[in-house]
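Residue numbers (our numbering), protein chains in the order written: chain A, 197 to 410; chain B, 14 to 267.
It is worth saying that the hints were derived from the structure and are not from the lab. Every value quoted in this text rests on a predicted model; they were computed, and no experiment measured them. Among these hints, one or two may not hold up.
Unchecked claim - Below, computed lysine-lysine pairings styled on DSSO-like, alpha-carbon distance capped at 30 Å:
#: 1; chain 1: B; residue 1: Lys115; chain 2: A; residue 2: Lys303
#: 2; chain 1: A; residue 1: Lys308; chain 2: B; residue 2: Lys115
#: 3; chain 1: A; residue 1: Lys324; chain 2: A; residue 2: Lys303
#: 4; chain 1: A; residue 1: Lys330; chain 2: B; residue 2: Lys201
#: 5; chain 1: A; residue 1: Lys330; chain 2: A; residue 2: Lys303
#: 6; chain 1: B; residue 1: Lys201; chain 2: B; residue 2: Lys213
#: 7; chain 1: A; residue 1: Lys303; chain 2: A; residue 2: Lys329
#: 8; chain 1: B; residue 1: Lys115; chain 2: A; residue 2: Lys324
#: 9; chain 1: A; residue 1: Lys329; chain 2: B; residue 2: Lys213
#: 10; chain 1: B; residue 1: Lys115; chain 2: B; residue 2: Lys81
#: 11; chain 1: A; residue 1: Lys308; chain 2: A; residue 2: Lys330
#: 12; chain 1: A; residue 1: Lys324; chain 2: A; residue 2: Lys308
#: 13; chain 1: A; residue 1: Lys308; chain 2: A; residue 2: Lys329
Said to hold, decoys possible - To give an idea of the chain B side of the interface with chain A (calculated C-beta under 10 Å), a few residues:
#: 14; residue: Gly24
#: 15; residue: Ala129
#: 16; residue: Tyr192
The beta carbon of each residue, even a glycine, is placed where N, CA and C say it ideally should be.
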Amino acid sequence: MESLTRVTEALIFAADEPVAGTAIAATYAEVTGNDEVDAAAVEEAVAALNGAYAEEGRVFRIQAWAGGFRMATVREVAPFVRALVAAEEERRLSRSLMETLAVIAYKQPVSKPEVDFVRGVDADYALKKLLEKKFVTVVGRSDAIGRPLLYGTTDFFLEQFGLNDLDELPRPREIEQLLNDPAFVHERTELLVNLDPDQREALRTDAEPATEHE
Amino acid sequence: MYRVQLQNFEGPLDLLLFFIRRDELDIHDIPVARITDEYLDYVRLLEEIDLDGVGDFIYMAAILIGIKARMLLPRPELDDEGEPIDPRAELVQRLLEYMRYKEAAGHLEGRYEVRAEQFVRGAASAVRGAIEGDLEPSYRVSVFDLITVLQRVLEEAPDEPPVHPILRYDYTVEEQTEYVLRHVRGGKTSFVQLVAKRPKGFVITTFLAILELVQRRAVRIVDGVTAEDFQLAPGERPQVHGSLEAAVISKREE
Numbered sequence: 197m198e199s200l201t202r203v204t205e206a207l208i209f210a211a212d213e214p215v216a217g218t219a220i221a222a223t224y225a226e227v228t229g230n231d232e233v234d235a236a237a238v239e240e241a242v243a244a245l246n247g248a249y250a251e252e253g254r255v256f257r258i259q260a261w262a263g264g265f266r267m268a269t270v271r272e273v274a275p276f277v278r279a280l281v282a283a284e285e286e287r288r289l290s291r292s293l294m295e296t297l298a299v300i301a302y303k304q305p306v307s308k309p310e311v312d313f314v315r316g317v318d319a320d321y322a323l324k325k326l327l328e329k330k331f332v333t334v335v336g337r338s339d340a341i342g343r344p345l346l347y348g349t350t351d352f353f354l355e356q357f358g359l360n361d362l363d364e365l366p367r368p369r370e371i372e373q374l375l376n377d378p379a380f381v382h383e384r385t386e387l388l389v390n391l392d393p394d395q396r397e398a399l400r401t402d403a404e405p406a407t408e409h410e
Numbered sequence: 014m015y016r017v018q019l020q021n022f023e024g025p026l027d028l029l030l031f032f033i034r035r036d037e038l039d040i041h042d043i044p045v046a047r048i049t050d051e052y053l054d055y056v057r058l059l060e061e062i063d064l065d066g067v068g069d070f071i072y073m074a075a076i077l078i079g080i081k082a083r084m085l086l087p088r089p090e091l092d093d094e095g096e097p098i099d100p101r102a103e104l105v106q107r108l109l110e111y112m113r114y115k116e117a118a119g120h121l122e123g124r125y126e127v128r129a130e131q132f133v134r135g136a137a138s139a140v141r142g143a144i145e146g147d148l149e150p151s152y153r154v155s156v157f158d159l160i161t162v163l164q165r166v167l168e169e170a171p172d173e174p175p176v177h178p179i180l181r182y183d184y185t186v187e188e189q190t191e192y193v194l195r196h197v198r199g200g201k202t203s204f205v206q207l208v209a210k211r212p213k214g215f216v217i218t219t220f221l222a223i224l225e226l227v228q229r230r231a232v233r234i235v236d237g238v239t240a241e242d243f244q245l246a247p248g249e250r251p252q253v254h255g256s257l258e259a260a261v262i263s264k265r266e267e
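So here's chain B without its partners, still in its complex pose (with noise of 0.2 Å):
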């Protein structure tokens, strides 16, 4: 059963600093009931949407709570020497050492793409078979701003009719994506004008159809992202190769 992996993407503590950059938190003092409320929030669209890799945001969230709890708190704890201790403290060094690994990251990809521009004697045919090319995309935006322009969408994403309890209608993740590709190569659309008044289970599976094609290059994303939508092109590699195990995703009942 084939499903988008979203550790390709990014874990649970790229959505802990987006939600820091978007609300522009100050992270040595971060307000845990709020934040947790909004992680649990997503955590909770994750889940519905059943992509991998949920298990990690689900750990951390348990960790978030878990601090929420200490908190709350009447007394505040002590270490050894008697001082209180931030219940958060831990957490936050976590957060910025991960930063700064992103950090250093950006620097090794900067040395990578000056390295590229230098060649060697014969060395494209030599190099090019240890180096195949990476089928995942250098993702700038966001996976977790896209899934917000999901939760809104889904908010006004009718239910789909009372259906037979015969006769189910799914949806596929590889219909979808032929769904998008046709509409994507006659130029520029939109998330919200491939999905506008169609039911959940169309709105989710058209997301991963989007998603699965953006890791393949097939599609791209353009435009910057709002709140309410994102743009698609057409990418790199306009045609899918091989086929697509179908995700099936059913109308659960409710």
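If we strip away everything but chain A, and leave its shape as in the complex, we get (with noise of 0.2 Å):
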């Protein structure tokens, strides 16, 4: 009889996208038929394989993403895997769809007119943008006049920033902080497009999630 964890490794080795503790917990019983597992100890499970992971000097580890289980390389050895993969294509967003992205991710659901509000400029074509890529969808009408749709992220959007939820989602200073800010009152004029990546980190603010540890 196989141990949940080495079941839970396996399925999350084998799954091509997130999968929830709830589905390793259901898989494991229908297999065993041993209903006692629940949530809960598959995380056990996951912290327990992350542990030996990290002893054993292992490149992959398992992330919590969009409520889901994924294993993932580390970092480190990013510049390797993405020289295997020398064609993939840029994948930085703007700064304009990140913005509008990040007033739909908090505000959601929100309507067009609500966001073209918040940036001042007619969301359109970010909006279009943002649902090509599958990070933005319909959730529903509004009960407002003309009935507006609706928009909020998706589980996508959540995997490909690495959240498990919503809740993840980075807090925005307080306004007292942003306004004392050095860099809000000099001039910027770093060009993020020319540092290379050493100096791209050291101007990153808190932007590592928990999980990061190696």
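Make the complex out of the two chains shown on their own, each in a separate frame, by following the hints.
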């Protein structure tokens, strides 16, 4: 009889997208007849696996993204993986798209007029792009006049941003902190396009998620 | 007719924040008259460049003028409880909220980059189709910084020589794109070097060509931007793909 830990490892490895703890527990119960395992037990198994990987110096960890688990390589080996997949297109999102996405992520469900108002510009192009990239989708209709469509983010968005759920969205700083930030007062002319990865890293504010331990 | 999309770059709220930062204004006590004048100057220039999306800027100009007018009233407006209303308050709230979302966007970008360094099994081939390379640059220099330079250069640019009413010399963005690429391919050059002593139509069309090329990553802006000039270098994709429909800018009869 295989242990839950081994089964967890196997399912996460074989899956093509994040697999929920509940799904793992259910599968285990189905095959072994032991239905006393639950999502909490699966989480313990994941933690144990990650611990073992770290000790053994393995290059992958199990991450918690979009409400499920997924194996991914550690950041240290990124240059090598990237080199293998040399043809991969540049995935950077423009500032404008990122800001529109931020408004939708934090205000969802939200209508296009609301997004336009916050951004001060017509979000038509940005919204179309975000829908195309499947970061955003229609989640309903507002009761307001004209009954505009309401938008929200997708699970794919969560996964692509390394978030387990919307609660993990970074908290925007309070206004006072924003106003006192020296970067606000002085001209910012650094060109991210031109910086090499080390320089970019130095500029980034706290971007590391809690699960990042090698 | 092809137009460079200004809203892909920045909008009226960005322009206001640009002034507030540049002039180190106190956001809780904005000098409305001054900022409205500066703002209107910019909008006039944006109209002359004929970028798309200027409508949003004009709408904000109307809001600013309205606030300015209300500030001139002899007696303060009162709210339901008899407390004086600051006509700027609503706009300030909007700016602050906008700043919070810009900040949030910065954080999200950080998360995105971290995630991009973690690969799942078979990731690249599966994901590559869904996330195509975005042609828009991750633009850290404000397009308004560039427009400031354009403003300076236009002040010194000569008007076109008087032309025969039948013969009109028009510059197209397509031609200027090739012009810019030719010079940039040789190494670094600057905006002023490209347009010095040229007539206004040439300057504006070249500026539009540069915006287009930056958008397509054929050209990069390097080394920081001063009030007088900005430097250009070859981008990640030195060839321009496809053909641009020409945007024709002709000398307007003054």
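Hint-by-hint comparison with the structure:
1. The straight-line distance between the Cα atoms of Lys115/B and Lys303/A is roughly 14 Å, inside the 30 Å bound, and the hint therefore holds.
2. In summary, the hint linking Lys308/A to Lys115/B is supported, as the alpha carbons are separated by about 18 Å, within the 30 Å threshold.
3. Proposed proximity of Lys324/A and Lys303/A is supported: the alpha carbons are some 18 Å apart, at most 30 Å.
4. Proposed proximity of Lys330/A and Lys201/B is contradicted: the alpha carbons are some 38 Å apart, above 30 Å.
5. Restraint check for Lys330/A and Lys303/A: the C-alpha separation of about 18 Å stays at or below 30 Å, so the hint holds.
6. Between Lys201/B and Lys213/B the CA atoms are separated by roughly 23 Å; this keeps the pair inside 30 Å, and the hint holds.
7. Under the criterion of a C-alpha separation no larger than 30 Å, the hint pairing Lys303/A with Lys329/A is consistent with the structure, at around 19 Å.
8. The suggested pairing of Lys115/B with Lys324/A holds, with an alpha-carbon distance near 20 Å, which does not exceed 30 Å.
9. For the hint pairing Lys329/A with Lys213/B, the CA-to-CA distance comes to about 40 Å; that exceeds 30 Å, so the pair is violated.
10. Among the hinted pairs, Lys115/B with Lys81/B is consistent with the structure: their alpha-carbon atoms are about 27 Å apart, no more than 30 Å.
11. This hinted pair checks out: Lys308/A and Lys330/A have alpha carbons roughly 16 Å apart, not beyond 30 Å.
12. With a C-alpha separation of about 11 Å, the suggested pairing of Lys324/A with Lys308/A holds against the 30 Å cut-off.
13. The suggested pairing of Lys308/A with Lys329/A holds, with an alpha-carbon distance near 17 Å, which does not exceed 30 Å.
14. At its closest, the beta carbon of Gly24/B sits 3 Å from a beta carbon of chain A; the interface hint therefore holds under the 10 Å criterion.
15. Hint status for Ala129/B relative to chain A: holds, with the closest Cβ pair at about 6 Å, below 10 Å.
16. The interface hint given for Tyr192/B is broken, as the beta carbon of that residue sits about 22 Å from the closest beta carbon of chain A, more than 10 Å.
Hint compliance for this structure: hints 4, 9 and 16 are not met, and every other hint is.
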